[in-house]
Amino acid sequence: MSEDQNNLNHSTIPEFLTDILPPEERILKRPVAIIECFQEIPCNPCVDSCPQNAISIDEGINRIPQIDYDLCTGCTLCVPKCPGLAIFVVGVDKEDKTKGSVTIPYEFNDLPQIGEEVIGLNRQGKPVTPAVVKKVIVSKITDKTAVITLSLPSEFIHEVRFFKRQSSK
Numbered sequence: 806m807s808e809d810q811n812n813l814n815h816s817t818i819p820e821f822l823t824d825i826l827p828p829e830e831r832i833l834k835r836p837v838a839i840i841e842c843f844q845e846i847p848c849n850p851c852v853d854s855c856p857q858n859a860i861s862i863d864e865g866i867n868r869i870p871q872i873d874y875d876l877c878t879g880c881t882l883c884v885p886k887c888p889g890l891a892i893f894v895v896g897v898d899k900e901d902k903t904k905g906s907v908t909i910p911y912e913f914n915d916l917p918q919i920g921e922e923v924i925g926l927n928r929q930g931k932p933v934t935p936a937v938v939k940k941v942i943v944s945k946i947t948d949k950t951a952v953i954t955l956s957l958p959s960e961f962i963h964e965v966r967f968f969k970r971q972s973s974k
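Just so you know, we're using our numbering here: the sequence shown kicks off at 806 and counts up by one.
Don't read these hints as lab results, they were simulated from the structure.
In this text, a Cβ means the ideal position worked out from N, Cα and C, and glycines have one as well.
Check the hints yourself; a few may be wrong.
[Claimed, not checked] Think about it this way: if two alpha-carbon atoms lie no more than 16 Å apart in a straight line, the pair counts; the simulated EDC-like pairs of lysine to aspartate or glutamate are:
hint	residue 1	residue 2
1	LYS931	GLU964
2	LYS940	ASP898
3	LYS886	ASP948
[Claimed, not checked] Ranges between beta-carbon positions, derived for each pair:
hint	residue 1	residue 2	range
4	GLU912	PRO935	31 to 39 Å
5	ILE946	LYS904	21 to 29 Å
6	ARG928	ASP853	33 to 41 Å
7	GLU864	ILE924	35 to 43 Å
8	ASP875	THR823	27 to 35 Å
9	ASP853	GLU900	29 to 37 Å
10	ASN858	THR903	14 to 22 Å
11	GLY889	LYS931	31 to 39 Å
Working from the sequences, and respecting the hints, build out all of it.
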């Protein structure tokens, strides 16, 4: 791992994304998980959570997880299990390729409502695009981390990683 990766300089993280993103043709088939984990730390809940065995960590627990995109079904079970909130599921609508979705972990008490209009934010917290809350999952299996799916223009599926609510209810 390079010195820049160890320092986690925010300006360099997007450069690493090209190495971890699935091929575009894979994203067009069905939703797929993306792990934006850049630190080699002892952690593996994502591996244990995947029913398809699509996530693996080579050479021990301290390595960065890898995804076999051919095995990943985009089920989202790994999203709430990552303590670093570093797993997202992205997809593109099969009928309308201009529409996409991003599924994110959410650890706040005030849950958004399905249909709520929000602002999609990038990794630096800057506004990127309007989005709509498509799905909200809260269950025992998610261990108090909600899983929120946003509907947004597909051109932003690799940029949006959180959202800002337009009004608090």
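Verification of the supplied hints:
1. LYS931 / GLU964: Holds, because 10 Å separates the two Cα atoms, which is no more than 16 Å.
2. LYS940 / ASP898: 15 Å, holds
3. LYS886 / ASP948: This hinted pair holds, its Cα atoms lying about 8 Å apart.
4. GLU912 / PRO935: 31 to 39 Å: 23 Å, violated
5. ILE946 / LYS904: 21 to 29 Å: 28 Å, holds
6. ARG928 / ASP853: 33 to 41 Å: 26 Å, violated
7. GLU864 / ILE924: 35 to 43 Å: 40 Å, holds
8. ASP875 / THR823: 27 to 35 Å: 19 Å, violated
9. ASP853 / GLU900: 29 to 37 Å: 35 Å, holds
10. ASN858 / THR903: 14 to 22 Å: The hinted range 14 to 22 Å is violated for ASN858 and THR903, with Cβ atoms some 33 Å apart.
11. GLY889 / LYS931: 31 to 39 Å: Distance hint for GLY889, LYS931 is violated at roughly 21 Å.
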